[in-house]
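J.: So you can see what is in the structure, the chains are spelled out below.
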Amino acid sequence: MSAVLIADVDVSRGDFSLDITLRVEPGETLALLGPNGAGKSTAIGCIAGIVGLDAGRISIGPVVLDDSERGIRVPVEDRRVGLVFQDYRLFPHLSVLENVAFGQRSRGVARAEARASALVWLDRLGIAGFAGVRPGSLSGGQSQRVALARVLAMEPDVLLLDEPLAALDVEVRADVRAELVEHLRLFSGATIVVTHDLADAEALADRVAVVEGGRLSQVGTVAELRGSPATPWVSSLVAR
Amino acid sequence: MPVLEPRKQARTRRPRGRSGVAPVLWIPAGLALALLVLPLVALVVRAPWGSLVELLSREEVAQALGLSLGSAALSTAICLLIGVPLAVILARSTQWPPVLRRLVRAFVTVPLVLPPVVGGVALLLLLGRRGLVGQWLDEWFGFTIPFTTVAVVIAQVFVAMPFLVLAVEGAIRGADSRFEVAAATLGASRFTVFRRVTLPLVAPGVSAGALLCFTRALGEFGATITFAGSFPGVTQTLPISTYLELQRDPNAAIALSLVLMVVSVAVLVSLRDRWVPGLSA
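Going line by line, the protein sequences match chains R and A. Mind the numbering: the first sequence is residues 31 to 270 in this note's numbering, read in order. Mind the numbering: the second sequence is residues 2 to 282 in this note's numbering, read in order.
Hint data in this document are derived by calculation from the structure and do not stem from the laboratory. The structure presented is a predicted model; accordingly, all values stated were derived computationally and were not measured. All residues carry an ideal CB built from backbone N, CA and C; glycine is no exception. Check each hint, because a few of them may be wrong.
[Said to hold, decoys possible] Example chain R residues on the side facing chain A (calculated, C-beta under 10 Å, incomplete):
(1) Gly-57
(2) Arg-100
(3) Ile-102
(4) Pro-105
(5) Tyr-118
(6) His-123
Whenever a hint applies, use it, and build me the whole structure from the sequences.
T.: What follows is the structure in structure tokens.
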């Protein structure tokens, strides 16, 4: 399913409050860009259902995931939201193949069928050769591909990536980023990439939403950010 | 390369060869160790090695050994079946009122500190022919538990359960919940998360707990003899048999003790350094 993601998110935790609205079209990749602690990860945690909303509404096309006014909150496991964690979180006790088959098997797909489709995804991401190994022996870039395959294999409605390149060594970052650009094309739904790096945002995303202190401070293309930075943080970022 | 002179100086000030233990502590420490080791040495030294095979191949020994291994295995299985869920709930009880948590944890720990004989009496009062529940079992089903093999297993479950629950609870609390969150985002229901992620990740803790549980069940004496008696082939487990043999045939008692010791040491070795966090409580 390819449908527009609209997330109106309002969360308060002590002194911190996050209040942003995002709209991502199917096939579009939005970079959620901001300094550490701006609320980027919290925002996608809300969409994935890990973090509860205090107020707001999240929908994917006609499907409502959260609606605080109507008291709707779809449980995490019933959302078709693919989240690639910053630390990947590959299950250490399962083979790469079983990791990727996990989503389908959890949804009741028979073992053989889930494995077959997992293998297809591993093949698409160029890591079918690692199907039988445990994640512990993979490199950072390989782990990231497995994490992406695991999420894509569950056929999500939207795709969320939390700092997908942050866990990687500097030497491999550019290569993995280039691969990720290719791999994100395999997905036809709305995609959000959380990052604090302008180069990552530029490479991966069509559009950028800048979050600072829990609020959107600027939305536009990287070129627009470069041309007229709206805040001191954006200015310093494009000047780097 | 930077010069490390000041550091070197500081290092020479440390006393050499000793780890800072006052010499006077060595005497009581040695005594303590001797008290733990020497009885086992005596057991090995005095064991009737020549007639060991003959003693252990007697029919009543085989019977007691079979009953002990069988009942301990069964009670370990029961502890796993009902103790692991209890451990999971305890580990995830952070939202409970603290009083309630402490109370439940105290009840789980009680059999560790309770004299087993008291446990046996308590079980009689609950499940005995005139016990709180036992009277109804007797009246409705004509079923009496005390002095049966069922009673042996129940007594073992009672005394061994804490070992399993505390070990598993500690393992779950120490486990990384990030994987469970990841599993949920992939569409896994709570039970699927438990079955396919939580449980496999704490498997070492579960197996350590099960081994300790099995050893405790195997060695169980007080609650068993009180609640189940000592009928050969029915309730006379290896420890009970050992105790009774000591009066009839000391050599047989030593041989049986040796068997129990070997099993216990084997469990200890298989656990190695995997000490269980929950057990220190």
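J.: Take the shortest C-beta to C-beta distance between R/Ile-102 and chain A; is it under 10 Å?
T.: violated (18 Å)
J.: The hint names R/Arg-100 as touching chain A; please verify it with the least Cβ-Cβ distance against 10 Å.
T.: Violated, about 23 Å.
J.: Given R/Pro-105 was flagged as interface, is its beta-carbon under 10 Å from a beta-carbon of chain A?
T.: holds (8 Å)
J.: Against chain A, is R/His-123 within 10 Å by beta-carbon distance?
T.: holds (4 Å)
J.: Taking 10 Å as the limit, does the beta-carbon of R/Gly-57 come near enough to a beta-carbon in chain A?
T.: violated (22 Å)
J.: Can you verify the interface hint for R/Tyr-118: is its Cβ closer than 10 Å to any Cβ in chain A?
T.: holds (9 Å)
Comparing the model with each earlier hint shows violations of hints 1, 2 and 3; every other hint is respected.
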